[in-house]
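2 protein chains.
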Amino acid sequence: MTAHNTKKNKDAGIVRVVGIGPGALDLLAPRALAALQGAEVIIGYRTYLELVESCFNPEAEVISSAMMQEIDRCRKALELAQNGRDVALVCGGDPGIYAMAGLVFELAKNQANTCAIEIIPGIAALNACAAVLGAPLMHDFAAISLSDLLTPWELIEKRLEAAAAADFVTVLYNPKSKKRTSQIERAQEIFLVHRDAATPVGIVHAAGRGDESVQLRTLADMLKAEIGMQSTVTIGNSQTFIWQNRMVTPRGYAGKYEL
Amino acid sequence: MTAHNTKKNKDAGIVRVVGIGPGALDLLAPRALAALQGAEVIIGYRTYLELVESCFNPEAEVISSAMMQEIDRCRKALELAQNGRDVALVCGGDPGIYAMAGLVFELAKNQANTCAIEIIPGIAALNACAAVLGAPLMHDFAAISLSDLLTPWELIEKRLEAAAAADFVTVLYNPKSKKRTSQIERAQEIFLVHRDAATPVGIVHAAGRGDESVQLRTLADMLKAEIGMQSTVTIGNSQTFIWQNRMVTPRGYAGKYEL
Chain A
76 MTAHNTKKNK DAGIVRVVGI GPGALDLLAP RALAALQGAE VIIGYRTYLE LVESCFNPEA
136 EVISSAMMQE IDRCRKALEL AQNGRDVALV CGGDPGIYAM AGLVFELAKN QANTCAIEII
196 PGIAALNACA AVLGAPLMHD FAAISLSDLL TPWELIEKRL EAAAAADFVT VLYNPKSKKR
256 TSQIERAQEI FLVHRDAATP VGIVHAAGRG DESVQLRTLA DMLKAEIGMQ STVTIGNSQT
316 FIWQNRMVTP RGYAGKYEL
Chain B
76 MTAHNTKKNK DAGIVRVVGI GPGALDLLAP RALAALQGAE VIIGYRTYLE LVESCFNPEA
136 EVISSAMMQE IDRCRKALEL AQNGRDVALV CGGDPGIYAM AGLVFELAKN QANTCAIEII
196 PGIAALNACA AVLGAPLMHD FAAISLSDLL TPWELIEKRL EAAAAADFVT VLYNPKSKKR
256 TSQIERAQEI FLVHRDAATP VGIVHAAGRG DESVQLRTLA DMLKAEIGMQ STVTIGNSQT
316 FIWQNRMVTP RGYAGKYEL
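Those protein sequence lines, which keep their order, are chains A and B.
Quick note, the first sequence lines up with residues 76 to 334 if you use my numbering.
Quick note, the second sequence lines up with residues 76 to 334 if you use my numbering.
No wet-lab data here; the hints were simulated from the structure.
Just so you know, not all the hints are guaranteed correct.
Here chain B is said to cover these stretches of chain A; the calculated rule only asks that three of the stretch's residues, wherever they fall, bring their Cβ under 8 Å from a Cβ of chain B [said to hold, decoys possible]:
id, region
1, 160–171
2, 190–202
3, 205–217
4, 222–232
5, 236–247
6, 318–332
Being a predicted model, the structure only gives us computed values, none of them experimental.
We put the CB at the ideal spot given by N, CA and C, even for glycine.
So that you can see chain A by itself, here it is in the shape it has in the complex (with noise of 0.2 Å):
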C-alpha cells in the first residue's frame, strides 16, 4: 500500500503544495522550484509569494492574500484543482509543519474533493533556525506553538510541562504576538521549574532572509530578548552549551567514547 496516490481523476488537476523552505532561494528544492514555475496557478500568503515570485511563470495565475486567511486560500486551490487547473499552494518553510498541508487534506475530505494532492516537503523553520544556531536539536525534541488560537490553552500547558519535565530540546513556534504576550512568560516559569537557569535558548527571526537576527540568552534572561510573531525559540536540554556562539545539543558519544 502506498500513500503516493498523486493522480485521482483524469479530468481534475492537482494541488501541489509547496514548501518554499526558510525564504533564500538557495534553500528552495528543485521539486518545489518545479512546481512553481510549472504551475497555472499559484496561491498564497502575499509574504511567501514575494520571497519566490522569482521563480513563477510569468503566464501563471498569481492569488495572493493577507494573513489568516488559510481557509480560504486552501478551498480555492481545492476548488480551481478540481476544475482541472494545475495549482501550487505555497507555505513558508515546510507544508507539514504548522502550516497548510492538512487543512488541504481535512477541506478536500469535507468536500469529496476528487483532484489529486500532492505534499513537497521543504526545510521547514526548525531546521533553518537549528543550522543558523549551530546544532540545538541534536537529541529528542519537541516542537510545541504558543498560539492558543485554535489549541485549548492547556493543552499546550500541558505540553510544556511534558517537554519540561522529560527534557526535550523544545522548538516553541509562534511564540509572541502584539495580543499574545504572556504565553512565553509561563512557559519560561515552566521550564525554570525543570531545567537550570543558565540552560542556552536560542531565538531567531527570519533565518536565512536579509532581516535575519540571531540571540542567545539562558532560561533566565530569554524575555529579554526580541520575540516577535516570526521569531522561533530553541529552549536547549540540560546538556546543551555554548561554544563560539554556537549553541550546541550533544548526542552522547563523549559518555561513550573519547572525543
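Based on the hints, put chain B in the right spot on chain A.
Here is chain B on its own, set in the frame of chain A:
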C-alpha cells in the same frame, strides 16, 4: 550578536556540514549542491555519498566510510579543514537532526580547532516522511530516537511516556535493528496506555528514494509492519485520521470555523 561566524582564520579552511535531504536529488537544496560541487574533499557514510556522487567536482578527494564511524569522519573533516582544505561533510536528511552537526562542534571545541564551520540545513527524514504520509505532523510533535547506544534506556522511556501522555504526534527514529527489537515493542506498550488502539501509525522506509515503502497501520497492529533501521515510525495524536490512504492530523480549524 550573530552565530553566523563562518570564517575565523585566514590560514584554516572550512567544514561545511551538508544536509542532502532524504536522497532524491530534486530535494537537495542549491546551497547543499554548491557545497558538494565546490568542496576539495568530500567525506561521508558510503550510502549517503552514493546518493549524491553525481554532484561532486570530479577533482574532489572523496573519503567514504562504513556506518558507525561518525567520530572518525568528523575528526578527519576538522583536521583537513584546519590545514586549509575546503571540506564537505555529508549527512543524510538534516545535519542537525540525529546526524553529525553536534559532533563536529564537540570535537572542534575539544581540539581548540580554528577552522570555520557552516551547517547547511536539509529536508529531514521527519519532513520527507510526513510529506509521503500526508500531513501527520500538523500539530505539536516530538522526535525520539529509540537507539540506546548513546542514551540510557530509562531516559528514552521517560520521553516516550511524556510524549504519549501529552498527546504529541511522535516520530520514532532508529526504531529497530537486528539486535534492538524490544524497544519498539515497549514504545507501543507505553502509547497504548495513553492512546486509542486505532490511532494511525505510518511507517516509511527510504522516503523519496527508489526503494521507498509506506505502510499505514494502527497503534494496535504496528508491529506487524516491516520496520528496520532506516524506517521512521510516526504515531498520530488523538485527532489523527486516515483519509484515502493519507494520514492527517488536524490543526484545529474544524473546532473554530466551518470547513
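Against the structure, the hints:
1. For the region 160–171 of chain A, the proposed coverage by chain B is satisfied: 3 residues have a C-beta within less than 8 Å of a C-beta in that chain, meeting the threshold of three.
2. Figure legend: the region 190–202 of chain A, annotated as covered by chain B; annotation consistent (8 residues with Cβ-Cβ distances under 8 Å, at least 3 required).
3. Counting residues of the region 205–217 of chain A whose CB falls under 8 Å from any CB of chain B gives 13; the rule of at least 3 is met.
4. By the rule of at least three residues with a Cβ nearer than 8 Å to a Cβ of chain B, the coverage given for the region 222–232 of chain A holds, with 5 such residues.
5. Evaluation of the coverage hint for the region 236–247 of chain A: fulfilled, as 7 residues show C-beta separations to chain B shorter than 8 Å, against a requirement of three.
6. Coverage of the region 318–332 of chain A by chain B holds [criterion: at least 3 residues with CB-CB distance below 8 Å; count 15].
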